[in-house]
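Go by the hints and put chain B onto chain A.
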Amino acid sequence: AQSVTQLGSHVSVSEGALVLLRCNYSSSVPPYLFWYVQYPNQGLQLLLKYTSAATLVKGINGFEAEFKKSETSFHLTKPSAHMSDAAEYFCAVSFPAAGNKLTFGGGTRVLVKP
Amino acid sequence: SAVISQKPSRDICQRGTSLTIQCQVDSQVTMMFWYRQQPGQSLTLIATANQGSEATYESGFVIDKFPISRPNLTFSTLTVSNMSPEDSSIYLCSAPHEGTDTQYFGPGTRLTVL
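Quick mapping for you: the protein sequence lines, in order, are chains A and B. Convert by adding 1 to the 1-based position in the first sequence; the result is the number in this note's numbering. Convert by adding 1 to the 1-based position in the second sequence; the result is the number in this note's numbering.
Excised from the complex, chain B in its bound form:
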């Protein structure tokens, strides 16, 4: 299985600021995914991050609010911009073990916006 790490593990931020979350995979992968888990809710896909191209966003999510970078095949960042308390969630990245159809998840970043 892929080993995926995220930084920071948690943060408390002020309204109107931005936070960048990092995701590192221990092997090269073509696609990485970013999910949001709102309090007491299930996971919702934010976007798919492909190396060398712009991220593909799901309905309800926009690049201005959640810009994503994918500089190489093992790393991605998600920025939560101009935060409001409604952005308080756990943000998780995932990636498939290359050559398989199974997504493995990072430990998540717990974000609280005051």
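With the rest of the complex left out, here is chain A:
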């Protein structure tokens, strides 16, 4: 069975500093990988996705993620944090053969300090 692990349930960064959110997956076959963001009292918004094309994926709001098969990782980064990046971030995997249903990691809450 596949699983998704996000290292660190809470991350605190200073405004302007690098944001790094870690995601590792466990699967016997390469999955599709996603990062979603959830702002307070809102639904989930897609940040970016990897679906077997380029391993470095650029998303919205200046975020990007790199798929590393050898490390089974899909870490999310942003060079310079903005106050508006304060939110909860979820890594998720899916498999086309399983109908594309999503399995989520535990989530990482990002706090941005001025």
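These are computed hints drawn from the structure, not numbers from a lab. Any given hint could turn out to be false.
Simulated crosslink set (EDC-like; lysine to aspartate or glutamate; CA at most 20 Å straight-line) [as the list claims (entries may be wrong)]:
(1) A:K114 <-> A:E89
(2) B:K66 <-> B:D88
(3) B:K66 <-> B:E55
(4) A:K102 <-> B:D102
(5) A:K114 <-> A:E16
(6) A:K114 <-> A:D86
(7) B:K8 <-> B:D27
(8) A:K59 <-> B:D12
(9) A:K102 <-> B:E55
(10) B:K66 <-> B:D12
(11) B:K66 <-> B:E87
(12) A:K102 <-> B:E59
(13) B:K8 <-> B:D88
(14) A:K59 <-> A:E89
(15) A:K102 <-> B:E99
If you want the ones that stay clear, here's a sample from chain B, every Cβ over 12 Å from chain A, calculated [said to hold, decoys possible]:
(16) T21
(17) T31
(18) V63
(19) N73
(20) T75
(21) T80
Note that CB positions come from ideal geometry on N, CA and C, so glycine has one too.
Showing chain B alone in chain A's frame:
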């Protein structure tokens, strides 16, 4: 991306009652998904709703507790039956933009059971 709406956006219910949540997609989709997000937790898939057939439930979720309807290709309902305070969660529906592998989410229904 698919535009997905949910009703109600929030509700406060008494123990033992039932609540039906509606999910509307702006385009026809084959599959719709229902997720639960318990307070401070990540998302867990409840079931997959296919038009014209019974929903497929994940381990730990049963039809008697979470009956689902899927009368057409743009609409689904999830009922939370015989509620208890443990059912207090955000319930989200999702659907892929047809022809893609990406799930888009509704804004969620925040349920509080007293």
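Q. Which of the numbered hints are not met once you compare them with the structure shown?
A. 8 and 17
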